[in-house]
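Asker: The lines below spell out each chain.
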Amino acid sequence: MSSLFLIGDSDKKSSKSDGSNIQNSTFSKLLNFAPPFCISFHQFEVMAEPAYTVASDSETTGEEKSSSAFPEIAIGIDIGTSQCSVAIWNGSQVELLRNTRNQKLMRSYVTFKDEIPSGGVSYQLSHEHEMLSGAAIFNMKRLIGRVDTDPVVHASKSLPFLVQTLDIGVRPFIAALVNNIWRSTTPEEVLAIYLVELRVMAESRLKRPIRNVVLSIPVSFSRFQLTRIERACAMAGLHVLRLMPEPTAVALLYAQQQQQLIHDNMGSGSEKIALIFNMGAGYCDVAVTATAGGVSHIKALTGSTIGGEDFLQNMMRHLLPDYDNLFSSRGVNEIKSMGLLRVATQDAIHKLSFEESVQIDVDLGNGSRICRKVNREEFEEVNQKIFEKCESLVIQCLLDAKVQADDLTDVMVVGGCSYIPKLRNLVKSICKRELYKGMNPFEAAVSGTALEGAVASGISDPFGNLDLLTIQATPLGIGIRANGNSFVPIIPRNTTMPARKELVFTTVRDNQTEVLIVVYEGEALKAEENHLLGYFKITGLPPAPKGVPEINVCMDIDASNVLRVLAGVVLPGSQQPVVPVMEVRMPTVDDGHGWCAEALHRAYGSNLDLVTVQKK
Amino acid sequence: MASSTSLYEVLGIPTSANGNEIKAAYRRLARTCHPDVVSMNQKEMSANLFMKINAAYSTLSDPNKRADYDRNLYRWNSPFCSSATPTAAASVSGFSGYNSGRNWETDQCW
Numbered sequence: 000m001s002s003l004f005l006i007g008d009s010d011k012k013s014s015k016s017d018g019s020n021i022q023n024s025t026f027s028k029l030l031n032f033a034p035p036f037c038i039s040f041h042q043f044e045v046m047a048e049p050a051y052t053v054a055s056d057s058e059t060t061g062e063e064k065s066s067s068a069f070p071e072i073a074i075g076i077d078i079g080t081s082q083c084s085v086a087i088w089n090g091s092q093v094e095l096l097r098n099t100r101n102q103k104l105m106r107s108y109v110t111f112k113d114e115i116p117s118g119g120v121s122y123q124l125s126h127e128h129e130m131l132s133g134a135a136i137f138n139m140k141r142l143i144g145r146v147d148t149d150p151v152v153h154a155s156k157s158l159p160f161l162v163q164t165l166d167i168g169v170r171p172f173i174a175a176l177v178n179n180i181w182r183s184t185t186p187e188e189v190l191a192i193y194l195v196e197l198r199v200m201a202e203s204r205l206k207r208p209i210r211n212v213v214l215s216i217p218v219s220f221s222r223f224q225l226t227r228i229e230r231a232c233a234m235a236g237l238h239v240l241r242l243m244p245e246p247t248a249v250a251l252l253y254a255q256q257q258q259q260l261i262h263d264n265m266g267s268g269s270e271k272i273a274l275i276f277n278m279g280a281g282y283c284d285v286a287v288t289a290t291a292g293g294v295s296h297i298k299a300l301t302g303s304t305i306g307g308e309d310f311l312q313n314m315m316r317h318l319l320p321d322y323d324n325l326f327s328s329r330g331v332n333e334i335k336s337m338g339l340l341r342v343a344t345q346d347a348i349h350k351l352s353f354e355e356s357v358q359i360d361v362d363l364g365n366g367s368r369i370c371r372k373v374n375r376e377e378f379e380e381v382n383q384k385i386f387e388k389c390e391s392l393v394i395q396c397l398l399d400a401k402v403q404a405d406d407l408t409d410v411m412v413v414g415g416c417s418y419i420p421k422l423r424n425l426v427k428s429i430c431k432r433e434l435y436k437g438m439n440p441f442e443a444a445v446s447g448t449a450l451e452g453a454v455a456s457g458i459s460d461p462f463g464n465l466d467l468l469t470i471q472a473t474p475l476g477i478g479i480r481a482n483g484n485s486f487v488p489i490i491p492r493n494t495t496m497p498a499r500k501e502l503v504f505t506t507v508r509d510n511q512t513e514v515l516i517v518v519y520e521g522e523a524l525k526a527e528e529n530h531l532l533g534y535f536k537i538t539g540l541p542p543a544p545k546g547v548p549e550i551n552v553c554m555d556i557d558a559s560n561v562l563r564v565l566a567g568v569v570l571p572g573s574q575q576p577v578v579p580v581m582e583v584r585m586p587t588v589d590d591g592h593g594w595c596a597e598a599l600h601r602a603y604g605s606n607l608d609l610v611t612v613q614k615k
Numbered sequence: 000m001a002s003s004t005s006l007y008e009v010l011g012i013p014t015s016a017n018g019n020e021i022k023a024a025y026r027r028l029a030r031t032c033h034p035d036v037v038s039m040n041q042k043e044m045s046a047n048l049f050m051k052i053n054a055a056y057s058t059l060s061d062p063n064k065r066a067d068y069d070r071n072l073y074r075w076n077s078p079f080c081s082s083a084t085p086t087a088a089a090s091v092s093g094f095s096g097y098n099s100g101r102n103w104e105t106d107q108c109w
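Protein chains in written order, with numbering that gives the first Met the number 0: chain A, 0 to 615; chain B, 0 to 109.
If we strip away everything but chain A, and leave its shape as in the complex, we get (with noise of 0.2 Å):
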């Protein structure tokens, strides 16, 4: 009973938690004490308060598409790792908001200085180093939804401001320093506060209250992660519409902008196949997709945890080898020294895109001074793995999307690391093409989130601008672990969405009951590196030798990117199912549960392995 009639956890929908619990439980006893009152009741109860028949738990997203006669268009918003942006379509064209120093793009961080904590849209820093005096939370997006054991969580323990681990697979500890206290904060409440900034400041401009949004987000997110996204939103009071990978984005904005030249009789229309490369302060994304008559068609999708934060550490290392060392204590001094090393050298990376050597002079404070000069073949040289990354990715996305160099029409150049020219001729060379000039690089991914906010809105465009469709394909595999320790896709990477797949599995051992499907998302062989979706048990199985009894998982991700897991068991020669079909929405593990796959295989060995059956 409790479980049909829970409301949503209050967790995920905190603003009507109280009242509605109230209701729940008396629902329930009226069920319980008086059946036939309770079609009459439910009736009622839907007639009165519709907003009650929430249909799961862990339903994260809503209704699409607003009801209402006048739609409200959703806005879009980049949340970048080192700078964010808001941007609508404002009936005719994609406009940037502006906050109130007229900043299109605004400095990702909150800082905890004051007793209310304000981030980069309305807060104007006294001086850069202000935001590195250990009261600033920045790269939100390279924490948000990792475990303390992932290698990213531990390379942002150098940055200035408190990312404690004890490894072991839980949520990291981060903290502000304010009047020499570590307050502690999580990186959903950072991102939220941030968030709720970008909303006073676009309601502002537009002068109406903002509820919808699309976010852009990386490809290389797990599920998970975006649950936490969506719980950062509902924190801030908006509702999440979609999340659309980055370069995905980009890619609307072509379409968009080759459906223009048709109707400017300035393009053909044949289909036009584009590589989209993306690089910020926290991720690498690569895309290819094929366009034609504002159908924006993903091929394929590549991304990684590489960005601008990447060539700064390395740069820091290298001016400072030991840089490590004299920052581990992590005390006041400590914390200013490293970040006038980090102010210096991000300085010294941005000329290095439009001068062949720079000068860095910078007073440690601490008795040391780096004065010296550095030019970019060192900066390159520094970063040699970061651009081998980036090529791979390269490399990878067009064999995935089965695209030659020559089948490209246009190449794009995005993100903040876009200016970096050793970036820009290896997309260049790899390609074989001159970079595409028709988009600002900075603005390109919050203007596409913007396009299809006005698409999900359901708005349309007398001059056919809005007549645009992205066929979205998934950015990372699907699946379960079987085989022993090997984690088998269900829905492999690239698939469009949506999309429906399954396989059969069937039982290790003799006489074996129950089985655990383990679900997992990623890319690597063994289970255990992919992230963990959920888990769940399939028990009742007839006693029957082992490889007989035959368990078709199926999953299944709908329209709104919503993942669910089927699976039933059938004996040869039924059509039937043995035991109930388990139906679960996933992901359905909580925040910071790492170790879980872990306890789930001490607790129970190889017992309830699964392998996979050839289909016949």
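These are computed hints drawn from the structure, not numbers from a lab.
Careful, some of the hints might be misleading.
In silico SDA-like pairs for lysine to any residue, Cα to Cα no more than 25 Å straight-line [what the hints assert, rightly or not]:
(1) A/K401 - B/N17
(2) A/K112 - A/T184
(3) A/K271 - B/K42
(4) B/K51 - A/E501
(5) A/K500 - B/Q41
(6) B/K42 - A/K401
Footprint (simulated), chain A over chain B, 3 or more residues, beta carbon under 8 Å [as the list claims (entries may be wrong)]:
(7) 28 to 39
(8) 44 to 57
Just so it is clear, the structure is predicted and the values come from calculations on it, not from any experiment.
Think of the CB as a built atom: it goes at the ideal place given N, C-alpha and C, for glycine as much as any other residue.
Assemble the complex: chain A is given as a structure, and chain B must be docked to it using the hints.
Answerer: What follows is chain B alone, placed relative to chain A:
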């Protein structure tokens, strides 16, 4: 049921269609059938339809898969095997009777 419809019929094109015509048909159908462009209450139906369209497209747009499919199509359409139908990539899954929604009828699909 879907299995009796050829992939060409799914895309609404003649069996002689060339690569560009296949792509154009796919995009034209996507513009009307993709869940993103239909109204709220049709999403589930359109998701199923679009998956079928996409399966047809992914077979017919790949020259090798299309050749295989065409061979089977020809064989099954010959007078000796008239009762069978080609399934290829668009084969109906064991869960197809399950209407992809949260409607508690899961066990009816088996």
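Asker: Broken hints, numbered, in rising order?
Answerer: 3, 6
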